[in-house]
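Here's the letter readout for the chains.
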Amino acid sequence: MSRAWLAVLAAVVLLPLIVRHAIASEIWIFAIFGLGLNLLLGYTGLLSFGQSTFFGAAAYVAGYLLKLHGINVFTALGIGVVVGAVSAAMVGYLCVQRSGLYFIMLTFALNQMFYFIAYQWTTVTGGEDGMPGVPRPLVLGMDIRQPLPYYVFVVVLFLISLWVMKRIVESPFGKILQAIRENDVRAEAVGYDVARFKLLAFVIGGAFSGLAGVLYAMLFGIVPLEAIGFVFSGNVVFATLIGGGGSLYGPIIGSFVFIWLSESVSVVWQRWPLLLGVAFVIVVLFFRGGCVEAWARFWSWRERRRALAGLAR
Amino acid sequence: MLYALMGLGLSLITGVLNIPNFAHGALFAVGAYFLFSTLHVVGNFWLALVLAPVGVALLGLAIEYAGIRPLYAAGHDYQLLFTFGLSLILSEGIIVVWGPIGFSQLPPSILRGGLDLGFTFYPKYRLFVMVMAGLLVLATWLFLEKTRYGAIMRAGIENKEMVSLLGIDVHRLFTAAFGLGAYLAGIAGALTAPIRGLSPSMGVDMLGIAFVVVALGGLGNLLGAIAAGLIIGVAQAVVALYWTEASVAVIFAVMAAILLVRPQGLFGIR
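Protein chains in written order, with the working numbering: chain A, 1 to 313; chain B, 1 to 270.
Just chain A, with the same shape it has in the complex (with noise of 0.2 Å):
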């Protein structure tokens, strides 16, 4: 076993003594969904700008369904993968055919489209006031209503996503994908059907993000407009970046510096999105390169002041 797992392992355990286990498990949840983007992000080298999309639409499909029909908790996470992948295949067949700067805002219309639909639609979403009443069914005979249990769930459920995408992206398939965002048009010269694989990154991103929007459906026991929103799909970009994209634990980093930084400005004002913008801003005019970078440039700064200190002597 590895040092990465060993710190993942490790940070499973101390994390619900930290912080609410609420919070710890929205941390795991939306690690999975970095995950997915990560796939396209830093592996395909595609800047997707609608991963909301399919987060919010597997979120509403299952918790609907939850709700109303009481299905089974795995048939609900199946579901919402499902439902991930499916809608990600859809606007995702319209956006690999262009590149660049267009796909980035194709992503984003048709999460508009998405977005004005489920705000439409009162009656299965509850449009602007969400869709409350998402129950936790029991898991296997077991009780996962109160919030430890419910983290353990979530922990399992990220480890086997994490699992799955390592081996994802060390297969070669995953190769193919870096050898795409490398140079694709020398991919295609390879005989690799470039769209076809855009696609498919496009597709398992949108079943990693499915199944994070059914856990915070269930996590939250409501699913908010927000979670189709193009800012929760800027949210999960950002996390991917400051955690350092192209790497496989980069997204878990930067989930965890992302929901302790919304978490924590929430509560000092109202107008915390400001506060966010704010610090997305900072962050891209300082600390490109990501966390891993910033902690360098900390120490290079540290050993330089103890090197002027000693000069001064």
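Rather than coming from a laboratory, the hints here were simulated on the basis of the structure. Because the structure is a prediction, the values reported are computed rather than measured. We put the beta carbon where it would ideally sit given N, CA and C, even for glycine. Fair warning: there could be bad hints in the mix.
Said to hold, decoys possible - Part of the chain B face toward chain A, derived, beta carbon under 10 Å:
#	residue
1	Leu-71
2	Ala-74
3	His-76
4	Leu-80
5	Leu-86
6	Leu-135
7	Ala-139
8	Leu-207
9	Val-250
10	Phe-252
Got chain A sorted already, so can you dock chain B onto it with the hints?
Only chain B this time, still in chain A's reference frame:
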């Protein structure tokens, strides 16, 4: 026509600067709110209509100079994050300054009421906006096609390296393009205020539409922006007659339908 105006401004910014500008909708909203406030200060609609977009353009220049300029080498992901953060700051800033509740804004007294066109009855102000937006699109077109600066800007969309090799300061070109794009967003916002009123979410709603126009029309493609703006404007109006709830979602559905048939957009660039 308003959609075309919005799309054109965004198209200029995205085309020349090669960045995804997610703050474009927020600039639109700021334009509307600037109109509202200047109107209160100066008390003259026409003067406010001139001043408000200039304010937005100045804001745009400041944003480009301070924030976007260091990011040209940084890649789309960070540029996106920056403009997205900016859009959060601007739209939340609107709530902080003007409050979360929207306002309604009456058009000036000459433009109130409707005009009998013989076959139909149409509000005067909407006609005015259509004419204004048409004139602005025309003016932008003349500027881009007939003046030296316009030629430089078009050249910037085609090939930035070549432009800078010819001894033109591309950074100034970028700043100018962002300012012009922001101006167009601001005036679109100011013109919209008396039609739809003001609300903090107006920017985001418009942003999606602007992206649709650019995705269909092509970057920096004026004709494309106008055509795409008209298509979705008409589609929205027709659907709104029969099924009001779907009138926003239909914009994106129309886009998806067009892209299914023509993945390269209306005029097939890139």
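Evaluated hints:
no., hint, verdict
1, Leu-71, "7 Å, holds"
2, Ala-74, "6 Å, holds"
3, His-76, "6 Å, holds"
4, Leu-80, "6 Å, holds"
5, Leu-86, "6 Å, holds"
6, Leu-135, "27 Å, violated"
7, Ala-139, "26 Å, violated"
8, Leu-207, "8 Å, holds"
9, Val-250, "9 Å, holds"
10, Phe-252, "3 Å, holds"
Going down the numbered hints, you'll see the structure goes against 6 and 7, while the others check out.
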